[in-house]
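Chemist: Chain by chain, the residues run as shown.
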Amino acid sequence: MSGFGDTSGVTSEKGYNYQKLVAVYYLIANGVSEIEYEVDGEDISIINEGPDRNSIEYIQVKQLSTGSFSLGKFRADVFPQLWNAYITALEKHSDKAILSTLVTNVSWDNSLRRFYQNCNSLHEQGISFTQFEGSLKFCERDYKKMKNGREREELNRFFWGFNIQHSFTLEQIQSKIVESMNKSNVREPRTELAKIMQFFSEKQQGRITRRQIEQLIGKDLKPIVNNEENTSYSKPEIHKSLLDLETIKTKYGVKEDYSDKDDLIRNMVSPVRKASKRFIYHIDSLKGISDFPLEEIDEACDIISSDLNRVQVTASKIAELKNDLWLHETNYKHAIVSMQQTAAKFGIELGDVENES
Amino acid sequence: MKAEIDVLLRDPCKKIDLALIESSLERSNLYNIIHKVSGNYLLLSDNFNNYKIRVHEDGRIYVRKDYGSEKECFDENLVRELINGLKKFLYTTKFLSNFTLQNEINFSFSGKKAYGYFWKKYSELNSIGEEYFSDHNLRTYTSDSESIYIKLEPVSPISEHACVNLFCI
Numbered sequence: 001m002s003g004f005g006d007t008s009g010v011t012s013e014k015g016y017n018y019q020k021l022v023a024v025y026y027l028i029a030n031g032v033s034e035i036e037y038e039v040d041g042e043d044i045s046i047i048n049e050g051p052d053r054n055s056i057e058y059i060q061v062k063q064l065s066t067g068s069f070s071l072g073k074f075r076a077d078v079f080p081q082l083w084n085a086y087i088t089a090l091e092k093h094s095d096k097a098i099l100s101t102l103v104t105n106v107s108w109d110n111s112l113r114r115f116y117q118n119c120n121s122l123h124e125q126g127i128s129f130t131q132f133e134g135s136l137k138f139c140e141r142d143y144k145k146m147k148n149g150r151e152r153e154e155l156n157r158f159f160w161g162f163n164i165q166h167s168f169t170l171e172q173i174q175s176k177i178v179e180s181m182n183k184s185n186v187r188e189p190r191t192e193l194a195k196i197m198q199f200f201s202e203k204q205q206g207r208i209t210r211r212q213i214e215q216l217i218g219k220d221l222k223p224i225v226n227n228e229e230n231t232s233y234s235k236p237e238i239h240k241s242l243l244d245l246e247t248i249k250t251k252y253g254v255k256e257d258y259s260d261k262d263d264l265i266r267n268m269v270s271p272v273r274k275a276s277k278r279f280i281y282h283i284d285s286l287k288g289i290s291d292f293p294l295e296e297i298d299e300a301c302d303i304i305s306s307d308l309n310r311v312q313v314t315a316s317k318i319a320e321l322k323n324d325l326w327l328h329e330t331n332y333k334h335a336i337v338s339m340q341q342t343a344a345k346f347g348i349e350l351g352d353v354e355n356e357s
Numbered sequence: 001m002k003a004e005i006d007v008l009l010r011d012p013c014k015k016i017d018l019a020l021i022e023s024s025l026e027r028s029n030l031y032n033i034i035h036k037v038s039g040n041y042l043l044l045s046d047n048f049n050n051y052k053i054r055v056h057e058d059g060r061i062y063v064r065k066d067y068g069s070e071k072e073c074f075d076e077n078l079v080r081e082l083i084n085g086l087k088k089f090l091y092t093t094k095f096l097s098n099f100t101l102q103n104e105i106n107f108s109f110s111g112k113k114a115y116g117y118f119w120k121k122y123s124e125l126n127s128i129g130e131e132y133f134s135d136h137n138l139r140t141y142t143s144d145s146e147s148i149y150i151k152l153e154p155v156s157p158i159s160e161h162a163c164v165n166l167f168c169i
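Chains as they are written, first to last, in UniProt numbering: chain C, 1 to 357; chain F, 1 to 169.
This is chain F alone, in the form it adopts within the complex (with noise of 0.2 Å):
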């Protein structure tokens, strides 16, 4: 059982330059390296939270949060955790000052319980969406009955600057 979020950059031809990362996370003491892929990825872990941090040099970010086992429950915080997961790695690596992200906020909840938390916090999910976009869609994209991948967008195109704030505190 596991829930993601992940944003990626705007222009796919930028790289994310992985060791400026690492150096920028060298200076603060909130991240651990778990597992770095030269030319692939960086894996962290918060120090203070439970959860990790993927980011790939092809412009993606993930901020995961793991469930072992499928008995246990989804946080009633989960979304806001992991918003505030991504803002919080953003804001430490500076990477809103160097990058423009893309108009879009993705979620992923897999495990048995996935639809039904999807449905609980559908709400919420909208929420979201409205808070960063205004008028937007909720999309949702299932494969099998226990993963579920949602993609919230705006409607219609939304300025450059709002693009850049997308994630500041």
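Next up, chain C with everything else stripped away, as it sits in the complex (with noise of 0.2 Å):
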């Protein structure tokens, strides 16, 4: 539909099988209860509507032969599918986490990889909305493009839940499914994937759950616990926890006294200050006693003066920063002081960890 991809029957249906696959991938590996399966042309879309119904994703799965995924790519052939169904969502689910996720076999290339490191600072790290927009400089036409019309708050929602799955080549996702089917005691889960993707062939689309490939395979695919941690920990592990705490406490947190802002800016300022008029008191007495023409000197002069600008100003913002600093270096340690203290009071400390170790 869109001209993206392989147009040869052969990688087509190898494109539909690797969309298959991520479907079935979500369904068994993710942990999701239930998807629709949406068929347009050549892209399928996986709407997978979170436990409970709290959160909606539209997942658009990309299978390339070659090369890697562009953000020019995205904007042309993943974007707009990707926007519609996000519209039509907000109209319905306006209450729900809405969710938008690219799912793709190749590398992202450049432009693609800081498009998304930027939207996924939008939620993680606490950049506003103008900060995204102003760090997307380096793709400006092709963000124009999305933006193009569209509400700014619509935007911000949207790349606040835009996601890229990390490359997953068609094997490495059967394998994970495999593995999957391993953990839950299924009996040749390869026979049994071959007969989902025969399920999926043959039902093309609509809602799947993962109710119906249990009774297909005749076997309850206990649900994965997605946590990569352990869940249980030894006594060790906890009291080496305590000791990183110390380590980050003293590396990150604040080592300074607090200086105040304006002393801070007179420290620096001042012996600038003092150095420019003595400078210029000296180049000025040149005048008319040296080789120098009056207009060097007086433009020499001027540059002191600018220099002496840009240093008051500089400094201040210095000023202004690392009494920021302070402050956030100083919560930073209050918060892991009081996680230190909690911990203390529930017998894990320090002592012990410096004694075991």
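Think of the hints as simulated: they come from the structure by calculation, not from any bench.
A hint or two may mislead.
[Claimed, not checked] Interface residues of chain F toward chain C, partial, derived using beta-carbon atoms under 7 Å:
(1) K36
(2) T92
(3) S108
(4) K113
(5) Y115
(6) G116
(7) K120
(8) T142
[As the list claims (entries may be wrong)] Cross-link-like lysine-lysine pairs, in silico, DSSO-like; alpha carbons within 27 Å at most:
(9) K112/F with K92/C
(10) K345/C with K65/F
(11) K322/C with K15/F
(12) K120/F with K333/C
The beta carbon of each residue, even a glycine, is placed where N, CA and C say it ideally should be.
With the hints as a guide, bring both chains together as one complex.
Modeler: So this is what it looks like as structure tokens:
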């Protein structure tokens, strides 16, 4: 439909397989209870409605035979579909988290990577939407096209919820599905996977639930816990974390005493002001008694004055930032100390760590 | 599932005298002290509303509403309720006559409905930012899909006076 990807019959079928596999991956390995599977020309969208229907995620699956995924390609071939789905969701499900995801088998090029990192910072690292837009100078043209005629708040919410799944090859997805099936004690997982793929082909589109898959293979698929970390921890592991806390508190917490902003500015500027006066006095005194042309002497005095102005402006900014830094470093340290205090209250203390290590 | 508002002292070197807070609350029947850890924090419950307040000696104040089950929903007027809970505490303890708060208001929502609730309340949160700081930034910090921390702060520094009055009734 969009001229996206390969068009030959063989690779097209391969593309469908990839897209079907991603859908199966979401149901089996990603712990999703149901998906809406839509085929639109060459594109397949997966709508993953979260548990308890609190979130809705639109997933576009794109397989490329070669190359990397660029921001231009995303803007032209993925963004319009995701945006349409998002706008429909805004009308029907505005009180849900609306997420948009691109899944692809190839790597991302630098423009898409940087763009995605900025989207990620929007929800994870507290950058404001104004800062987000300001950071997109490197892809101004693409962003302008995506932004064109669209509401700012809607754009903010869309990019806030935009995600790209790490590049997954067909084989990687297959092995993750098989691994999940093995964990659920499914016998002959590859045969069962072929059965599921056949089921998807016959179904073509519509709602598919994990329960249906379970019935198809005659086996309950245990809910998969997505936590990467173990859920139980040994005493040394807990103590090791306390030691880590102490290390980062020393490294990143406040180190210097509070320096008064005005004092700091004064200390940074006064010697420069004093020097500038003396230099100007000296240079000015050369008028008429040296080989320097008058214009050059005047210019030199102007340069020194401009430099002094610059010093004053930057010193103010530095003092402001240092103050801010001091404030945040202090608050950072407080929060860690608070966590340590709580841990100590329950018998996890640094003394034990040092003894054990 | 829980929702929280938090503020902190502007000067991180200042400490909140928990004994003073405790004694100022003794005269009122508005709060009940659930727990105190001297040198660390004081946990209170509001006798007339279903939320808790935690005051840390290091300068942080949290007002929290807990929800038992994931099937419950955050209250429609929760954001205002938390602000009012904080205002009531600050007023009762005459907090602002002794301390100045940092120019920021933070909210956090945890639980499966957290993201959805955040977007449902996005405009209201921005109105609160507008109300307290005029030109403001709304920043979000997420680490998983079930909790979101929201910071409202002025774009440019606002006056000391505005700061003192941040939560005056």
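Chemist: So, for every hint listed, does it hold in this structure?
Modeler: Evaluation of the provided hints:
no.: 1; hint: K36; in the structure: 12 Å, violated
no.: 2; hint: T92; in the structure: 24 Å, violated
no.: 3; hint: S108; in the structure: 13 Å, violated
no.: 4; hint: K113; in the structure: 5 Å, holds
no.: 5; hint: Y115; in the structure: 3 Å, holds
no.: 6; hint: G116; in the structure: 4 Å, holds
no.: 7; hint: K120; in the structure: 4 Å, holds
no.: 8; hint: T142; in the structure: 5 Å, holds
no.: 9; hint: K112/F with K92/C; in the structure: 19 Å, holds
no.: 10; hint: K345/C with K65/F; in the structure: 24 Å, holds
no.: 11; hint: K322/C with K15/F; in the structure: 22 Å, holds
no.: 12; hint: K120/F with K333/C; in the structure: 34 Å, violated
Checked against the numbered hints above, the structure violates hints 1, 2, 3 and 12; every other hint is satisfied.
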